[in-house]
Amino acid sequence: MAEFTPESAGPDDAQKLRYYQKGTFTVGNRLVDADARTVQASEERSNALTCGHRACQGCGEALGARYALDAAMRATNGKLIAVNATGCLEVFTTPYPETSWQLPWMHSLFGNAAAVATGVAAALRVKGKKEVRVVAQGGDGGTTDIGFQCLSGMFERNDDVLYICYDNEGYMNTGVQRSSATPPAARTATTPAAGDEPGNVFGTGKFVPRIAVAHRIPYVATATVADLHDLERKVAKAMSIRGARYLQIDVPCPLGWGAASHDTIRLARLAVETGFYPIFEAEHGKVTRVRKIRKPRPVTDYLRLQKRFAHLFRDGHEDPRVTRLQAMCDANIEEYGLVGDDETSG
Amino acid sequence: MAHPFAITLDPGSSLANRTGSWRSIRPEYVHRLPPCNDACPAGEDIQGWLAKAEAGDYEGAWRALTVNNPLPAIMGRVCYHPCENACNRKAIDASVGINSVERFLGDLALEKGWAFDKPAEETGKKVLVIGAGPSGLSAAYHLRRFGHAVTIREAGPLPGGMMRFGIPKYRLPRDVLDGEVARIVAMGVEIVYDAKVDDILAAMREGGFDAAFLAVGAHIAKRAYIPAGEAAKVLDAVQVLRSMEGEDKPLLGRRVVVYGGGNTAIDVARTAKRLGAEEALIVYRRTRDHMPAHDFEVEEALEEGVMMKWLSTIKNVEAGSITVEKMALDDKGFPQPTGEIETLEADSVVLALGQDVDLSLLEGVPGLEIQKGVVQVGPDMMTGAPGIFAGGDMVPSERTVTVGVGHGKQAARHIDAWLRGETWDPGPRHELAGFDKLNPWYYGEAPATVRPVLEIARRTSTFEEVVQGLDETNALFEARRCLSCGNCFECDNCYGVCPDNAVKKLGPGRGFEFDYEYCKGCGVCAQECPCGAIAMVPEEK
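Sequence order for the protein chains is S and V.
Just so you know, we're using the numbering used here here: the first sequence kicks off at 1 and counts up by one.
Just so you know, we're using the numbering used here here: the second sequence kicks off at 1 and counts up by one.
It cannot be assumed that every hint is accurate.
When the alpha-carbon atoms are kept at most 27 Å apart in a straight line, the in silico DSSO-like pairs for lysine-lysine are as follows [what the hints assert, rightly or not]:
id, chain 1, residue 1, chain 2, residue 2
1, V, Lys-90, S, Lys-292
2, S, Lys-79, V, Lys-505
3, V, Lys-90, S, Lys-295
4, V, Lys-437, S, Lys-307
5, V, Lys-222, V, Lys-90
No wet-lab data here; the hints were simulated from the structure.
None of the values given here were measured: they were computed from a predicted structure.
Go ahead and model the full structure; you've got the sequences and the hints to work with.
Quick look at the structure:
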């Protein structure tokens, strides 16, 4: 009897084994080829963001940043420069004179990361260092509010920069204030759970990935710390393209969201599975691929784990606006086609 | 060192900042008890051997399996697999086909001729085992592994006990049984056939044995008083199944009635069909849901055309016919007579009403306690008589092959300790890895592999094995459906999901280690561990 191993299996068998065996969705798996595991499964990962940083317990942003930058480091053979906007990520990694970054890293102002990155890319072009690539990164405040003008300019000029926004839906570093990425009804320091309609308002805010798509740049994607395979594939794809690229990663914030520190990935997963956070990618102005929902869940599963939404369930009553939040999720599912047979997602 | 303008300190790494001091709870790698292992009457480490099978290391898997159970090819056919009923995977799609993988490994071992290791050294102790059924064979195997000299005395001409004289060939081919017994004999276990023991104390004294394990089974058919005419043909199930092993097959006629609702009744009815009976009818006094027979066996029998008559008792047997009375269940679920009588045609009636133990060899043994026809044993499987242990169908238990094998193993461990003047302590059991301990999101959907089944026409005319085995591809596929409940399977999740890089990967087979210098105790690793192999425990003050 011939040995039957994942290595010796034919293409059809490999497909079947990979899909069916346990741990298809895990970070790695001892039974599959190293190529089929994530960068994070490797002992050789660069740990671009290393230990000793001062992020809170269970920080989604610290996780998202390491995921994204390690994948980018692998894609560029370690020839990568990062430019950081002001925000949690900058503060918790670089209290003077310490740094947690294990790659060339620059910080200038809150609002100019995209512009600084454009400058770095221009300098590299002038110096003929085509192989060195540039990433700009920031939180949602530094991206969707304060840095938006620079970001839009970077898109419009098609500068060779991958901009990564770690979206934790508020200004967490300065005490959890509302940003334009804060979801409706969420309680923040500036949208308190008081009054007739407690929490953040409905119908405002902006979803920057769609604005990026509207710039018709080569590549736009959303991702989540709850699906590492998908996230790393998107980073690798982004690094294979020249020009302006935008990646927005949903990174739950235990402090700002009022969630248990161990629920960070669970919340990110629920955000996807409820349709609250659509995961898709777009090229040159067109949505080309969506990540389908594996196990659909009602939005309340997501909301109930977070104190920022606790006022929606106060005294055993469900605030009527929960229905509006569900309708928002349903609209996402409808708009992006998030439910159904999955032939395209990663 | 000269610093640039406005810079007074050298750049440093955040590694100087030991964030482990923030922690109030810490993650720890644990082993929890998988429900399959918990449910296995033979105490197999099922998750453990499946883990080896998943990696394609079939010999390693077989060796890990046979540490606890020397009869995998038999188990893979006759075990009622309580492991699969307990399997956590059934909450995701369907239980892992543990039994079919076990059979695959057992058959592969027979095909490749894998042998058991002989004991490293002899202890010089002699143990007598009475009965070469599943319990006796299991005890002999384990005692031999400990290095004791083992002699089995078997009353019959061939080994296997009820596996040979009770389980029909279409469920357990005899070459499989013989192959697995031969492997135990090859370890140096002596089996003496046609050597019924009438007096256990005398047998021990004469042979110079230090201890004995009794496993004579339950081979005496229970009778019920049923008025029968002189020409009426009334047989018992033990007699019918036993004679199937001899030259003269039982003559049951065209219309066979089997009385009883256990697995033995089903076996007899299916055997009658294969012998050419046009009708095989099971008469049972209660309803199908009260039948002690396992549901899948009832299903298979129905598929083969065996008929069932529920809520009926046999009142009278005459040549060519029987009289039955209809029953009705009372409030407590017990059958009560209704007075409604019916006559059915029957050439023979086979009684399958359970079996008793032949306890004659125990007469005159001091200290022995017998209740309800079975020998009482302590938690150490020892009878009231020092040095005499007992197991299998002759002690209070569920009468299955696997339970018997489990008794044999347990008894062997206690006998070994007893011979050394010690007691064997299995230690505390690990916490159960229930479904609530898992994070099932990480497991892909994977429907169970169904074993091919022989077509009906061949099933009702021959004694060919009904349920076929898996081949290597689907056995591997099936093994990989295991969720590895409660035990790390090196998926790298903890290593990947730590926001603080505080998990060290030690390399294949060696797992992971927490770096408590930096671990902040957030608990993401424990939450995202698919198989529940990480526990969060409070830090000591």
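Q) Looking at the structure, which of the earlier hints fail to hold? A) 5
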